[in-house]
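For reference, the chains in residue letters:
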Amino acid sequence: MDHMSMIEWARAQFAMTALFHFFFVPFTLGMSFIVAFFETIYVKTGKQEWKNITQFWQLIFAINFALGLSTGIIHEFEFGTNWSTYSWMVGDLFGAPLAVEGIIAFFMEATFAAISFFGWKRVSKGVHLASSWLLGIGSNLSALWILIANGFMQHPSNAFENFNIDNSRLEMTNFWQLIAQPVAQVKFLHVVSAGYTLASIFVLGISAFYLLRGKHVEFAKKSAAVAAAFGLISSIFLAVIGDDHAYEVTNTQPTKIAAAEGLYVGKKGAPIVAVGWPKDLKAADVQTNDQAWAFKIEIPHLLSILGKHGVNAYVPGLKDLIDGNKKYGIWPLSKLAEVGQEARTDLKAYHEAKAAGDTAAMQKAKADFYSVVWSDPKLGLKLRKCDLIGYGFFKGKNPDLIHPPVLPVFISFHTMVALGFWFILLFIWAWIAVVKGSFANSTLLQKLAVLSVPLPWIGTSFGWMTAEIGRQPWTVFGVLPTAESATPIALANVQATFFMFLTAFVILGIAELKILFTVVKHGPKGAH
Amino acid sequence: MRKLLALIMVFFGSFLFAADTQLMPNGINPAVHKIDTTWGVIVFFMWPVLIIIAYKFIEFTLKKSGLEKDL
Chain Y
1 MDHMSMIEWA RAQFAMTALF HFFFVPFTLG MSFIVAFFET IYVKTGKQEW
51 KNITQFWQLI FAINFALGLS TGIIHEFEFG TNWSTYSWMV GDLFGAPLAV
101 EGIIAFFMEA TFAAISFFGW KRVSKGVHLA SSWLLGIGSN LSALWILIAN
151 GFMQHPSNAF ENFNIDNSRL EMTNFWQLIA QPVAQVKFLH VVSAGYTLAS
201 IFVLGISAFY LLRGKHVEFA KKSAAVAAAF GLISSIFLAV IGDDHAYEVT
251 NTQPTKIAAA EGLYVGKKGA PIVAVGWPKD LKAADVQTND QAWAFKIEIP
301 HLLSILGKHG VNAYVPGLKD LIDGNKKYGI WPLSKLAEVG QEARTDLKAY
351 HEAKAAGDTA AMQKAKADFY SVVWSDPKLG LKLRKCDLIG YGFFKGKNPD
401 LIHPPVLPVF ISFHTMVALG FWFILLFIWA WIAVVKGSFA NSTLLQKLAV
451 LSVPLPWIGT SFGWMTAEIG RQPWTVFGVL PTAESATPIA LANVQATFFM
501 FLTAFVILGI AELKILFTVV KHGPKGAH
Chain R
1 MRKLLALIMV FFGSFLFAAD TQLMPNGINP AVHKIDTTWG VIVFFMWPVL
51 IIIAYKFIEF TLKKSGLEKD L
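Chains as they are written, first to last, in the numbering used here: chain Y, 1 to 528; chain R, 1 to 71.
Only chain Y is shown next, with the shape it has when bound in the complex:
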């Protein structure tokens, strides 16, 4: 029990750090390019007012940039302090993209941030502009490498990793397959386009705030025009790539999508629940999907269409993933756990034989460990016992531990999607108003833009929660359970650092908001 409590505290600490870090990351991803856009317009037109606009938004960007960087570094330490089993077991795979991020993107960002923030009077216009663009590209490339690492956690594959029986670690076998896997690339585009949408709403909202107050009118009109155009393109793209992301998730993490849609009993032509409240029941207590909902309004077939690209395609439910479904080739969890347990036994036998110097027993245990238990010759895929080793941890456990909790995943996923559609509507309205020249007079639109400023932060946080809670009970999906990933340290240590970080985040958060409000209140220099 103490062990579980420690894991829950470690998870809470990581979630708190991630959420706090993620307040700054998407903003940085989007603002870096918005600043580059403004500066490009300044260089092309040579007008001082565009320089003022650039410098104002750059100042806001710089405040967030510093905090985003510093909170990201805390994560790296938490991998060591609280998640050392995870780091030790998958460090070769997870660490490589993080190292590339640190060496290339991080240094690229740091170098060009210095020139872009402090080099206005020190370098030529062209060099400065190039630095601003390279800062944006570097910031986004940082996200790329982080999401490649996260893509591995969401969708590991023996196409790029292998379980080394000698050291019991996952080792990389193909770097290219790791970085170019669609799960990671789609995730990257989804996150960066969410960042562009978030930053655009911020710029639109602050511009609307100035217009409502009748201050800095020309500055606000021009800023709003850029934000509306960038936001419109980004929010539409966010929905399109979000659809592809949902397709990848449906097909590679069936427990996540089943939880996100409260789908207990798998079906052909599966619906999406547009509005509803799931009861979060145990799978064994549910016989029909209707039982699992307090109320719901469904859109028939939509989950099959979006998730499987087939009107009547079959989507497995949580019960199918626990009890199995012979027709579609899904094994019951008990069988997966049995094979996983066999892999653990083979691993133990191999090391015992190695210690005893029994070569024949070593070879037998090794052959068993790597034996193929499932294959698809047409696609050239195979699953070996060792690929299912993670399921061994669930042998004899409560079967509902194999899927994430339904309620938080459903709420976070659906809130994120609903907000995404609101952003598209807001940007369509704002863009039309900008082009017609009525944005400065539309009080309702301006008020909605101001009220919408916090919403993308809620949306991106919920998106991240869908991804990370939805992946449970695994740190590496299907390979390494969260419960086995933590450092075996005393509960008090994790609690102490949790409250230490919480205090630091509260102080930093207040300081950040205070600086931000002061800058916004003061407004741009030289504005009308």
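No lab work stands behind these hints, which were simulated from the structure alone. You may find that some hints are simply not true.
What the hints assert, rightly or not - In silico DSS-like links for lysine-lysine, alpha-carbon gap of 27 Å or less:
(1) Y:K215 with R:K64
(2) Y:K44 with Y:K525
(3) Y:K51 with Y:K215
(4) Y:K327 with R:K34
(5) Y:K221 with Y:K447
(6) Y:K221 with R:K63
(7) Y:K51 with R:K69
We have chain Y already, so just place chain R on it with the hints.
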């Protein structure tokens, strides 16, 4: 344009006739589990295309709205 529309129609039309696939023991779709690096690379290059289109659209918006003619 016609070819593009035809392609889109064929893509969505295929949804009507999509056959059920056998899944892997853990419920993963084997066709998606097999890593398609070509698609991954195409997805990655959508990123610079998105940024370029976004900038061009910003210029278009500024000109069309009359907020900046000198672009």
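*Where does the structure disagree with the numbered hints, that is, which hint numbers, in rising order?*
The structure breaks none of the hints.
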